[in-house]
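K.L.:
Sequence:
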Amino acid sequence: MVQSAEKVDYLKEIKPLLAEKCFACHSALKEEAELRLETRELMLKGSYSGAVIHPGKPDESILLGRILAKGDEQMPPPEEGSRLSEHDIALIRTWIEQGAITPKEEIPGSPKDHWAFQTPVKAKIPTVGFKNPIDAFLEVKRKQQGLVTVPPASRRVLIRRVYLDLIGLPPTQEEIEQFVNDPDEDAYTKVVQNLLASPQYGERWGRHWMDIWRYTDWYGLGKQLRYSQKHIWHWRDWIIESLNQDSSYAEMVQDMLAADELKPTDHDALRATGFLARHYYLFNRTTWLDSTLEHTSKAFLGLTMNCAKCHDHKYDPLTHVDYYSI
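Going by my numbering, the sequence shown opens with residue 12, and the numbers climb by one from there.
Derived by calculation from the structure, the hints in this document are not laboratory data. Treat the hints loosely; a few may be bogus.
[Claimed, not checked] Simulated pairs of lysine to any residue, SDA-like, Cα-Cα distance not exceeding 25 angstroms:
| id | residue 1 | residue 2 |
| --- | --- | --- |
| 1 | Lys123 | Leu314 |
| 2 | Lys18 | Lys81 |
| 3 | Lys115 | Thr130 |
| 4 | Lys26 | Lys325 |
| 5 | Lys41 | His219 |
| 6 | Lys309 | Lys81 |
| 7 | Lys320 | Lys68 |
| 8 | Lys241 | His219 |
| 9 | Lys133 | Lys115 |
| 10 | Lys309 | Glu52 |
| 11 | Lys115 | Leu40 |
| 12 | Lys123 | Leu287 |
| 13 | Lys26 | Ser58 |
| 14 | Lys68 | Thr113 |
| 15 | Lys41 | Gln109 |
| 16 | Lys26 | Lys56 |
| 17 | Lys41 | Asp99 |
| 18 | Lys123 | Glu52 |
| 19 | Lys23 | Gly82 |
| 20 | Lys81 | Gly92 |
| 21 | Lys18 | Gly76 |
| 22 | Lys23 | Asp70 |
| 23 | Lys142 | Lys81 |
| 24 | Lys325 | Glu17 |
| 25 | Lys68 | Glu90 |
| 26 | Lys274 | Phe311 |
| 27 | Lys320 | Ala310 |
| 28 | Lys241 | Thr276 |
| 29 | Lys201 | Arg167 |
| 30 | Lys320 | Tyr335 |
| 31 | Lys241 | Phe141 |
| 32 | Lys115 | His65 |
| 33 | Lys26 | Arg94 |
| 34 | Lys41 | Asp333 |
| 35 | Lys26 | Lys241 |
| 36 | Lys309 | Pro122 |
| 37 | Lys325 | Ser58 |
| 38 | Lys23 | Tyr326 |
| 39 | Lys41 | Lys309 |
| 40 | Lys56 | Glu305 |
The structure displayed is predicted, hence computed values, not measured ones.
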């Protein structure tokens, strides 16, 4: 239980709770019952039934009443999410009792305002004595947190790291000694260039991308031969070769999605459409298209577009129309 004397922090305790339990149906993306709960003002405006909070009067607040209700009146509905814990309910009660205080400058957020949907702005590289821009940005944050930068790794540690990162294999003892004893100040650069030029580079990083793009040799369920694409390995080889040839990411994505339309006579490029064949479903073309769309959005957008198949997305700025437009 929350003691009434303890001041409830809206931003740390109440808003995250409402976001988790309520925003899916009562926010900018979806205003069920014409109700939004992102700010105090919106809660005071309420729904078609009026205000859902009455500051200082928790027992008269519809918000708390619906949370405490059972059956059809319960919020969130049992089929939509778990009931709030006694501690969470006590937090909301105390917050309303204390006047439902929120920051005055609070503005209701829209999913479209999330940083992931903003146009990237090139940041100025901090001048803190590091050649690598990433190290420079990290150093600024370390200083803000009072952290001390660790010394550079020894050559023996460094060569092991770069081998594992780039080709997934440890260096031989001979390769270690050669690097450790190389007096050239560009010794590390030479090692990196050699590894990037090795066929193992494409194999190592091809595996990473194949996981994201859902490559598999086999359907994976018993003897389901009819769902497995026996020539899918051509796509696997294309991925590895493309990485070793330093093909651009944009070109690879374009070929996977549309090589059959853009390069219909280029047999090498046509292998890329294994991405589309991967989702093939023998008995229903719509299932094939749905699966392709779902995993295209997950792989290349980082978004669960399939949620918008039956309704507007509850969290991301994706509509039902967007789904069928694609």
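K.L.:
Verify the proposed pairing of Lys41 with His219, using a straight-line Cα cut of 25 angstroms.
P.N.:
Given pair Lys41, His219 is violated - Cα atoms ~36 angstroms apart, limit 25 angstroms.
K.L.:
CA of Lys26 to CA of Lys241, is that 25 angstroms or under?
P.N.:
violated, 51 angstroms
K.L.:
Quickly compare the C-alpha distance for Lys115 and Leu40 to 25 angstroms and report which way the hint goes.
P.N.:
Given that 25 angstroms is the threshold and the Cα spacing comes to 23 angstroms, the pair holds.
K.L.:
Given the hint that Lys41 pairs with Lys309, does the C-alpha gap stay at or below 25 angstroms?
P.N.:
holds, 22 angstroms
K.L.:
Under the criterion that the straight-line Cα-Cα distance not exceed 25 angstroms, is the pair Lys41, Asp333 satisfied?
P.N.:
holds, 16 angstroms
K.L.:
For a C-alpha distance cap of 25 angstroms, please report whether Lys325 and Ser58 respect it.
P.N.:
holds, 19 angstroms
K.L.:
Checking one constraint from the list: CA of Lys320 to CA of Tyr335, max 25 angstroms. Satisfied?
P.N.:
holds, 8 angstroms
K.L.:
Do the alpha carbons of Lys23 and Asp70 lie within 25 angstroms of each other, as the hint requires?
P.N.:
holds, 23 angstroms
K.L.:
Please work out if Lys26 and Lys56 have their alpha carbons no farther apart than 25 angstroms.
P.N.:
holds, 17 angstroms
K.L.:
Assess, step by step, whether the Cα of Lys26 is no farther than 25 angstroms from the Cα of Ser58, and give holds or violated.
P.N.:
Holds, at about 18 angstroms.
K.L.:
Given the proposed pairing of Lys274 with Phe311, does the C-alpha separation stay at or below 25 angstroms?
P.N.:
holds, 21 angstroms
K.L.:
Regarding the pair Lys241 and His219, is the alpha-carbon distance no greater than 25 angstroms?
P.N.:
holds, 21 angstroms
Violated hints for the displayed structure, listed by number in ascending order: 2, 3, 5, 6, 7, 9, 10, 12, 15, 19, 23, 24, 25, 31, 35 and 40.
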